[in-house]
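Student: Given next are the chains, with one letter for each unit.
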Amino acid sequence: MTTDERSEPGHDSLSDATQSKKVSTKWRGYLDATLGFRNHWNPVGYGHEIAEGAFVAVTALDEPILLTRVDGEVRAIQDRCAHRGARFSAQPLCFRKGTVSCWYHGWTYDLADGRLSDVLTSPGSPVIGRVRVPTYPVVEAQGLVFVYVGDGDPPALAHDVPPGFLDEDTHCLGIRRTVRSNWRIGVENGFDTTHIFMHRNSALIKGNNIALPLGFVPTDRGAVQVHGEGWPKGVVDNLSENYVPVFEASLQGVPVWTSELRGDEKRVAGQISVWLPGVLKVDPFPDPSLIQYEFYVPISATEHEYFQVLQRKVTSEQDIETFEKEFDETWRDLGLHSFNDDDVWAREELEEFYRDGDGWSNERLFPPDMCIVEWRRLASAHGRGTQPPFSARR
Amino acid sequence: MTTDERSEPGHDSLSDATQSKKVSTKWRGYLDATLGFRNHWNPVGYGHEIAEGAFVAVTALDEPILLTRVDGEVRAIQDRCAHRGARFSAQPLCFRKGTVSCWYHGWTYDLADGRLSDVLTSPGSPVIGRVRVPTYPVVEAQGLVFVYVGDGDPPALAHDVPPGFLDEDTHCLGIRRTVRSNWRIGVENGFDTTHIFMHRNSALIKGNNIALPLGFVPTDRGAVQVHGEGWPKGVVDNLSENYVPVFEASLQGVPVWTSELRGDEKRVAGQISVWLPGVLKVDPFPDPSLIQYEFYVPISATEHEYFQVLQRKVTSEQDIETFEKEFDETWRDLGLHSFNDDDVWAREELEEFYRDGDGWSNERLFPPDMCIVEWRRLASAHGRGTQPPFSARR
Amino acid sequence: MTTDERSEPGHDSLSDATQSKKVSTKWRGYLDATLGFRNHWNPVGYGHEIAEGAFVAVTALDEPILLTRVDGEVRAIQDRCAHRGARFSAQPLCFRKGTVSCWYHGWTYDLADGRLSDVLTSPGSPVIGRVRVPTYPVVEAQGLVFVYVGDGDPPALAHDVPPGFLDEDTHCLGIRRTVRSNWRIGVENGFDTTHIFMHRNSALIKGNNIALPLGFVPTDRGAVQVHGEGWPKGVVDNLSENYVPVFEASLQGVPVWTSELRGDEKRVAGQISVWLPGVLKVDPFPDPSLIQYEFYVPISATEHEYFQVLQRKVTSEQDIETFEKEFDETWRDLGLHSFNDDDVWAREELEEFYRDGDGWSNERLFPPDMCIVEWRRLASAHGRGTQPPFSARR
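Protein chains in written order, with the working numbering: chain E, 1 to 394; chain H, 395 to 788; chain D, 789 to 1182.
I should point out that these hints are in silico values taken from the structure, not numbers from a laboratory.
Being a predicted model, the structure only gives us computed values, none of them experimental.
Where a beta carbon is used, it is the ideal one built from N, C-alpha and C, also for glycine.
Take these hints with a grain of salt, some might be off.
Unchecked claim - Covered stretches of chain H, as calculated for chain E (at least 3 residues, CB under 8 Å):
#1 585-596
#2 744-750
#3 754-765
To be verified - Here are some chain D residues pointing at chain E (derived, C-beta under 7 Å):
#4 880
#5 883
#6 1071
Here chain E stands alone, though its shape is the one from the complex (with noise of 0.2 Å):
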């Protein structure tokens, strides 16, 4: 599709950045997660969502969960009963609590380890005991629900969610939505430095008094930093450090924008992260106040759920109402929505290159991608296993 001429030498990371068709094996474990990596922790809903005894149904990392909740905790069974595979969720049905029944045949499982307890239609039957449908380990955190979707024990959640993200004394508040995008172009439309020129008209930069620049030169290679060593491992690019924001853009030397700047905007995102398994974290945002979180869950191969978090220091129940008020008359429509609407946008766009068109071989990276480049790398080096699709698996 282009013409590619050589790229200077010398810049390990630069050269890399303009290249991609040659170091694509340095991320192949990346490529391979299609569906997201296993054995990882993954939020799947809002704990306000999963009523006591209610039943929900999600889809994450191409398995059907089931979720309801007994005696105030969440319980998470694949949502398929052994017998004739029927989804649960097609009509669910509790006899008892503590237990989920299928529709079809009536035979009923215990949420706390799955194992086929009784069968309403057959009493007695010999299959009682000797067939299990598997469940998921669940924790609440912050106010989401998470889910521990792979083989063996748990590590700890505050393995698998950005440093900060579980820290006392704050509150979180969010929205969730499915985007009709795999789950890395999630990542990497967040993660991705230069993409702000999308968001320059953006009403949260007036709305907000926000500086927003148009994009970065980065001046050095430091400014992303790998952390690889213990958990959660990340890629941090510290955005007000090492690069030089561009507010004003030419064509051929000649003006064509430029950012009307009064001097008292707002500084915001000046570190911007991405952790395992794809978790982005922008301090501060949309607001010096504020620190926002994004997690994009697999659900398909061509979906993921799009988690946005905001997360703000508090000290008292004062504190979270005041939050929860702004939240809803500012934050929610002016940041998460109106501002990151136009991600959504983007990665929906973006979709059809990287899934038909083989985008991972054919794209064209440059140096501000560098940030990009050392996050694929991290997760081929530490996604703790490739999740294969659900039918391969049973």
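Following the hints, complete the assembly by docking chains H and D onto the known chain E.
Tutor: Frame of chain E; chains H and D shown alone:
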């Protein structure tokens, strides 16, 4: 997907039912018959749908078929012009009784033998008499139009319908509709003893004061009789004789559901049977005065035409009129719709698991499914031929 | 699907036409050209659709193309940013005349040569000048915008349009629309002599008092002339000279249709021809004063853009105005729509058979199809290159 522990030794059929992965080779022919069994009779419509001279297009076993009526007799011809593959039915033309002309170039075929008899656009063309489009043997019986999709001479219709269906002094009334599941999901749903659990709240139960248990506990393997000699061939399950009906459901010994029985309920469904190529008979149902037949005719790999037919003994025109009135006022809505709509829903729910999830390998049967196991074996052993995809047959 | 008996010996073309399975290797190149022939000119729109500075996205031969007009001249560039594959057209940006900028990261290309001239988000980036997006040669003629999808220098436009199309002292008016069939079904429908059967009730016949037979009986092989030397290359069928027109249709000798002819009908369609890469000329049509051209431009394997153009000799501005008025009042609706809508319908009907049913192997041609046979051979021998799928070309 499931943890499968050792099943009990001894009980042969029970072990089969609980170890489906191992026994699937025993019904290989059935698994191959995604598009149904070739060389059998199947209904494709009701006689009253095909008026003299009218054209009706249907698809059976993946084959496009054009039906019409000539001098009272139904004719069936493949719905494809031999010339460029146009479907006659896109704009059916008849310039002379007993023929169909293609709308594109006027190729005209004799419906009796499918031979190209004239070309309206090119009189005397050398192709006349040298090209033939396949035709299908047709028989009308009990208000239904049966077509033979197969090779060679067809057997008697009586070989491919349940015993009693063609009995004199009976009258049949029914409906048909398209269900979005493979035909085998349809057969197995109908023949399945314990799926009645899902009907426990059906309006039919109180509406017609019938006794319908939640399920059954098999007491004896003799309950299922295989009729593998002569024709028709089928599997008969005598529910009223060899099962303990379940009218009360318990979880861990605690009752959670009780059927309200007063003792004066009508008895139905004493015997359920299924016959090649895939026809259900429920005797009696949904009333002691009626027998219900169900034909699950393959359309494509993912759809079947569902024929629901009620039969009653009649000895006079008056009996027929009474039956027709009852059918219109009661049985169509309360039985064929209200009750069986649940079955349609169940089949469409199961389709994804059996299609994409390799359900035939991943299902986990249990003892009451032994009737299904016997049906699969019978069909594998005696189905007269696997129907190939239409495109592969030319 | 059909019974095929031996065709007559001797008549070579006739045997071909009745033994398509055997001769298909004679038009292998044509069968391979699912996405059309590369290295030819094809129309992609009308000049009036592309205003100065406006952006219009089209797809031709599976390639996404962005059109715009700069200082009066139409420019065409591949509609994919080299960076991450975003379509410029999703949100076209022009910050400086003669360039297009990508909405995602501000990569900016010179439309003259496709070279990356600036990156708005990262001034001075080393990728500037080192990346190029393909551009396409463009010519405007007779109100149409032609684009060359191919390699190397394009031939003269006159090589890829029917003789007479570029004649001075003529004026062209037309419409375009997307048809859901492969482009070859389009060409063959237009060039097909006996398909006029389907137009027998067209409003155009009485509306313009023209004589249109039901079909034709070929009398002489000389009717079809192959122009395989020089360019353009095409096949010419002199309908008025070497066929016996059929105005009365019979079945088994009994008349079933008679065209009402009064003797004063206008004569049209005396000569029909088709030219590489796939352009029809009907001379005259739909009126003795007009010639109709049809371009069937491949979009994807299953869609083509259908350009219908009427040409008339003109000697003054007044003639053009008269033509425009007639076109608006009569020819657009009565000819290009009412009459040709039937052809669009026929092509979409045939698509399934040729796509899924392997129609190219299963069709059964007959003598009047010899014009189609000659076209397939010519195209196979002289098409300048098979267009590969877009995704495979990068």
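Student: Confirm or reject each hint.
Tutor: Hint check results:
1. 585-596: n = 6 at 8 Å, threshold three: holds.
2. 744-750: That given contact holds, which follows from 4 residues of the segment 744-750 of chain H lying within Cβ reach (below 8 Å) of chain E.
3. 754-765: With 8 residues in contact (Cβ-Cβ under 8 Å with chain E), the coverage given for the segment 754-765 of chain H holds.
4. 880: Since the shortest Cβ distance to chain E is 13 Å, the answer is violated.
5. 883: 4 Å, holds
6. 1071: This interface hint is violated because 41 Å lies over the 7 Å limit.
Checked against the numbered hints listed earlier, the structure breaks hints 4 and 6; every other hint is satisfied.
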